[in-house]
Amino acid sequence: MNKPVLFDINWNACINCGACVAVCPQEEPFISPFDTIAIDRPCDIACMVCEMICPVTTITHRDAVPSDYPEGKVTEAFREGEKRQN
Amino acid sequence: MPDFSYDIVIIGSGPAGATTARLAAEQGLNVLLVDKKQELGAPVQCSGAISRHAMEEVGVEPVDEFIHEAIYGFAIYNEKGEKKTIDYRQLAPEKYGPEQGKTPLGYVVDRRRFDRRLMTLAEREGVETWLKAEAKGYEVLPDGTCEVTIHHFNEVKKVKAKVVVGADGLQSIVGKWAGLRTQIRLTELASCLQFVVDKVETEGLLEIITGHEWAPGGYAWVFPKGYGYAEIGLGVVPTFTKNNAQQQVDYFMKSSFFKERFKDARILEVQGGGVPLAAPLKIQYADNMILVGDAARHVNPITGGGLHTALSGGKIAADFLAQTIKNGNDFSAKIMKGYQDNWLEQLGNKMWKLYDVKTEIFKTEDIPERDRLLYGTMSDYFSPNSEYKKI
Ligand SMILES: Cc1cc2nc3c(=O)[nH]c(=O)nc-3n(C[C@H](O)[C@H](O)[C@H](O)COP(=O)(O)OP(=O)(O)OC[C@H]3O[C@@H](n4cnc5c(N)ncnc54)[C@H](O)[C@@H]3O)c2cc1C
Ligand code: SF4
Ligand code: SF4
Numbered sequence: 000m001n002k003p004v005l006f007d008i009n010w011n012a013c014i015n016c017g018a019c020v021a022v023c024p025q026e027e028p029f030i031s032p033f034d035t036i037a038i039d040r041p042c043d044i045a046c047m048v049c050e051m052i053c054p055v056t057t058i059t060h061r062d063a064v065p066s067d068y069p070e071g072k073v074t075e076a077f078r079e080g081e082k083r084q085n
Numbered sequence: 000m001p002d003f004s005y006d007i008v009i010i011g012s013g014p015a016g017a018t019t020a021r022l023a024a025e026q027g028l029n030v031l032l033v034d035k036k037q038e039l040g041a042p043v044q045c046s047g048a049i050s051r052h053a054m055e056e057v058g059v060e061p062v063d064e065f066i067h068e069a070i071y072g073f074a075i076y077n078e079k080g081e082k083k084t085i086d087y088r089q090l091a092p093e094k095y096g097p098e099q100g101k102t103p104l105g106y107v108v109d110r111r112r113f114d115r116r117l118m119t120l121a122e123r124e125g126v127e128t129w130l131k132a133e134a135k136g137y138e139v140l141p142d143g144t145c146e147v148t149i150h151h152f153n154e155v156k157k158v159k160a161k162v163v164v165g166a167d168g169l170q171s172i173v174g175k176w177a178g179l180r181t182q183i184r185l186t187e188l189a190s191c192l193q194f195v196v197d198k199v200e201t202e203g204l205l206e207i208i209t210g211h212e213w214a215p216g217g218y219a220w221v222f223p224k225g226y227g228y229a230e231i232g233l234g235v236v237p238t239f240t241k242n243n244a245q246q247q248v249d250y251f252m253k254s255s256f257f258k259e260r261f262k263d264a265r266i267l268e269v270q271g272g273g274v275p276l277a278a279p280l281k282i283q284y285a286d287n288m289i290l291v292g293d294a295a296r297h298v299n300p301i302t303g304g305g306l307h308t309a310l311s312g313g314k315i316a317a318d319f320l321a322q323t324i325k326n327g328n329d330f331s332a333k334i335m336k337g338y339q340d341n342w343l344e345q346l347g348n349k350m351w352k353l354y355d356v357k358t359e360i361f362k363t364e365d366i367p368e369r370d371r372l373l374y375g376t377m378s379d380y381f382s383p384n385s386e387y388k389k390i
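Residue numbers (numbering that gives the first Met the number 0), protein chains in the order written: chain A, 0 to 85; chain B, 0 to 390.
Honestly, the hints are just simulated from the structure, not real lab data. Each hint should be verified, as a subset may be incorrect.
Claimed, not checked - Lysine-lysine pairs mimicking BS3-like chemistry, simulated, CA-CA at most 27 Å apart:
#, chain 1, residue 1, chain 2, residue 2
1, A, LYS2, B, LYS131
2, B, LYS314, B, LYS258
3, A, LYS72, B, LYS349
4, B, LYS94, B, LYS82
5, B, LYS262, B, LYS314
6, B, LYS131, B, LYS35
Stated by the list, open to error - FRET-style restraints, in silico, Cβ to Cβ:
#, chain 1, residue 1, chain 2, residue 2, range
7, A, PRO65, B, ARG123, 52 to 58 Å
8, B, GLY58, A, GLU27, 36 to 42 Å
9, B, SER254, A, ARG61, 46 to 52 Å
10, B, LYS157, A, SER66, 31 to 37 Å
11, A, MET0, B, GLY178, 48 to 54 Å
12, B, LYS135, A, ASP7, 21 to 27 Å
13, A, LYS82, B, GLU81, 31 to 37 Å
14, A, GLU70, B, GLY178, 24 to 30 Å
15, A, GLU27, B, GLN246, 50 to 56 Å
16, A, GLU75, B, LYS333, 55 to 61 Å
17, B, THR148, A, PRO65, 30 to 36 Å
Idealized CB from N, CA, C, for every residue including glycine.
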């Protein structure tokens, strides 16, 4: 289990190719309007294969914080991640 | 109540979707084809190499509108720059050549114009087409049909259909709506980047450069692009290298046996994308749904070519849907499975075979041996008496 992360994409380098989405194991669509993975909400799986496939290495991430979750409602995965860290 | 009603709704007007649409309409179906783009094929994420017979098989005439350059054969290079040339102008000069009465083997097409042309052909068969139309979800209705939600410009439209066809390419999400596992393994997606360049000479051949040094997990290519331009690109599989595709192209252009040839190259366009060197999806259907083209991972796992398979897959899908709807069957997953069965029989089983060949090569750990295997396989694949039936 990995700690949930929030992604950021440098749009200047992104070529909107969708490769990051194609390798993503999320069951529900986890996407942005630009054929990339979502960046407006945390990813609880955090397997990082999206970062690895990007032809121009333009995806970065940081640890998710509670305010990244819609209405601050953190998920089970987030709580687990916090517990493991402490 | 849905606002619109069709026999089938096709999501994505790439080569797979537009071909499915055209051939289904030709057989009397009432078809809606939607694409979220404002200009099909753009930004270009494809080198555009396609054989002439791939187009002929589905009744697409090669026209100037989309042809960048005619192709007459291949040159396959090993990691040291030794090559095997397979030039049909020499192998079968009576048939292949630029002269009147002879034909090219294939073409490098402009995807913007190719995709637009395929949509035009569909439209001329009576297909209704919407651009700036993004499909957002589907729901199976109690009466056995389904309803697709489409954002068309600023309007939300509900469209009723018997079957929805997911032709939404590499980043496909249509399958996920129905819970299909569409994810490609990291080890099986080539991360690609290519440049369209000026001042690099080509000779009407598709050049394929193998070797771990240049394209770890994939291969590099130099294709003629018309007007004296060329495209130089490559694909890497991230588990084979720490470099990204961009760094690797740079290295290939500056350090390979082609560095002299490339030294004046001027970059005119930057393009890229992902190519599944994967097995086709194990399940490409669900209730009221089938997947076709890149969405179903219908890509030749050796060459990474997906245009031919998108066109032929489109024909298989259209024929199946026309038959099924005429027979008055229901559209449950059980019936939709027939599409996959037809596809496996006509195309898929061959692709699985190629997938096994590819897997054998890339699981070889010794790099010189792997290079040798890939070079040998590529050379065989493109040779006229190839044991692999071309797909
Ligand atoms: C760098 C690169 C080079 C390549 N070179 C070659 C080559 O030389 N020869 C070859 O044969 N193949 C090549 N390929 C592969 C080829 O490009 C693909 O296999 C082919 O484009 C697949 O066609 P398709 O119709 O399945 O999907 P696509 O062409 O990807 O079309 C999908 C369409 O669906 C639309 N769409 C997606 N989601 C939605 C939605 N929710 N709502 C509405 N519309 C949607 C998209 O806008 C798009 O127009 C290359 C690929 C790459 C990345
Ligand atoms: S980390 Fe994994 S699960 Fe999360 S967005 Fe990236 S690929 Fe998808
Ligand atoms: S893989 Fe990289 S370049 Fe391609 S869409 Fe995702 S972020 Fe953009």
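Status of the hints after comparison with the structure:
1. A:LYS2 x B:LYS131: 37 Å, violated
2. B:LYS314 x B:LYS258: Not satisfied, since the Cα-Cα distance of roughly 43 Å exceeds 27 Å.
3. A:LYS72 x B:LYS349: 49 Å, violated
4. B:LYS94 x B:LYS82: 24 Å, holds
5. B:LYS262 x B:LYS314: It is violated: about 44 Å lies between the C-alpha atoms, which goes past 27 Å.
6. B:LYS131 x B:LYS35: Answer holds: LYS131 (chain B) to LYS35 (chain B) is near 4 Å, not above 27 Å.
7. A:PRO65 x B:ARG123: 52 to 58 Å: Holds - the Cβ-Cβ distance for PRO65 (chain A) and ARG123 (chain B), about 55 Å, lies within 52 to 58 Å.
8. B:GLY58 x A:GLU27: 36 to 42 Å: 39 Å, holds
9. B:SER254 x A:ARG61: 46 to 52 Å: Violated: the Cβ-Cβ distance is about 35 Å, outside 46 to 52 Å.
10. B:LYS157 x A:SER66: 31 to 37 Å: 35 Å, holds
11. A:MET0 x B:GLY178: 48 to 54 Å: For GLY178 (chain B) against MET0 (chain A), whose Cβ atoms are near 23 Å apart, the range 48 to 54 Å is violated.
12. B:LYS135 x A:ASP7: 21 to 27 Å: Given range 21 to 27 Å: holds, Cβ gap about 25 Å.
13. A:LYS82 x B:GLU81: 31 to 37 Å: 58 Å, violated
14. A:GLU70 x B:GLY178: 24 to 30 Å: 27 Å, holds
15. A:GLU27 x B:GLN246: 50 to 56 Å: Since GLU27 (chain A) and GLN246 (chain B) have Cβ atoms about 33 Å apart, the given range 50 to 56 Å is violated.
16. A:GLU75 x B:LYS333: 55 to 61 Å: For LYS333 (chain B) against GLU75 (chain A), whose Cβ atoms are near 36 Å apart, the range 55 to 61 Å is violated.
17. B:THR148 x A:PRO65: 30 to 36 Å: Distance hint for THR148 (chain B), PRO65 (chain A) holds at roughly 31 Å.
In this structure, the hints that do not hold are numbers 1, 2, 3, 5, 9, 11, 13, 15, 16, in rising order.
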